[in-house]
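K.L.:
Input sequences plus hints: build the corresponding full structure.
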Amino acid sequence: MVATDKPTITPRETATLPPTSSPAPSPQNGGLAAWVGVFAGFLLFFTTWGFSTAYGAFQHFYQTDLLRDSSPSKLSWIGTVNAFFLISTGVVAGPLFDWGFLIHLMIAGCFLTTLGLMMLSLSQTYYQVLLSQGFCCGIGSGLIYVPALSLVLTSFTSRRGIALGIVTCGASIGIDR
1 MVATDKPTIT PRETATLPPT SSPAPSPQNG GLAAWVGVFA GFLLFFTTWG
51 FSTAYGAFQH FYQTDLLRDS SPSKLSWIGT VNAFFLISTG VVAGPLFDWG
101 FLIHLMIAGC FLTTLGLMML SLSQTYYQVL LSQGFCCGIG SGLIYVPALS
151 LVLTSFTSRR GIALGIVTCG ASIGIDR
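So the sequence shown is numbered by the UniProt record's numbering: it starts at 1 and just counts up by one.
Hints were generated in silico from the structure; no laboratory data involved. One or more of the hints may lead you astray.
Claimed, not checked - Okay, the calculated beta carbon distance ranges per label pair:
1) L164 <-> S88: 19 to 29 Å
2) G31 <-> L122: 39 to 49 Å
3) G30 <-> S88: 24 to 34 Å
4) S76 <-> T154: 28 to 38 Å
5) R159 <-> T125: 44 to 54 Å
Predicted model, so just to flag it, every value in this text is computed and none were measured. All C-beta atoms, glycine included, are put in the ideal place defined by N, C-alpha and C.
P.N.:
As structure tokens, this is what we get:
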């Protein structure tokens, strides 16, 4: 073949796919199970985001009682690490939810969050509080956060806005002083 010759494309037969037996299932668009999922999402946001957004109360307690010798900047890292893992764990939790591991994510997330809170009650030093509240609770909350949203998104088509609004209201109610 000479450099000036262009390759010719010859038409070929197009492959036809056999008809599928049934179309992909559409979202359930409401129903009792979907609204129970909205309520569960509300409670999950209540515990995950409420716990993280109320960190100022924890920091005040740490500064005045538990960790008096630590600087406010150092104490802020506990809440920052918690919030970082709450959001960034979604990079792992999202695909796992898509692959069907919802129950596993919820069990692991609830276990880690509960373990972190139990260890927080036993913590006496800065690094113990950082590991329990920052890392353990942050990762556990992150495993719960994305699936709670995704579950609601896949359950509704026409009332998705109101369902997501109810779920996200749990974040602002959350744990406070």
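K.L.:
Next step is simple, just say for each hint if it's right about the structure.
P.N.:
Hints versus structure:
no., hint, in the structure
1, L164 <-> S88: 19 to 29 Å, "holds (21 Å)"
2, G31 <-> L122: 39 to 49 Å, "holds (43 Å)"
3, G30 <-> S88: 24 to 34 Å, "holds (32 Å)"
4, S76 <-> T154: 28 to 38 Å, "holds (36 Å)"
5, R159 <-> T125: 44 to 54 Å, "holds (49 Å)"
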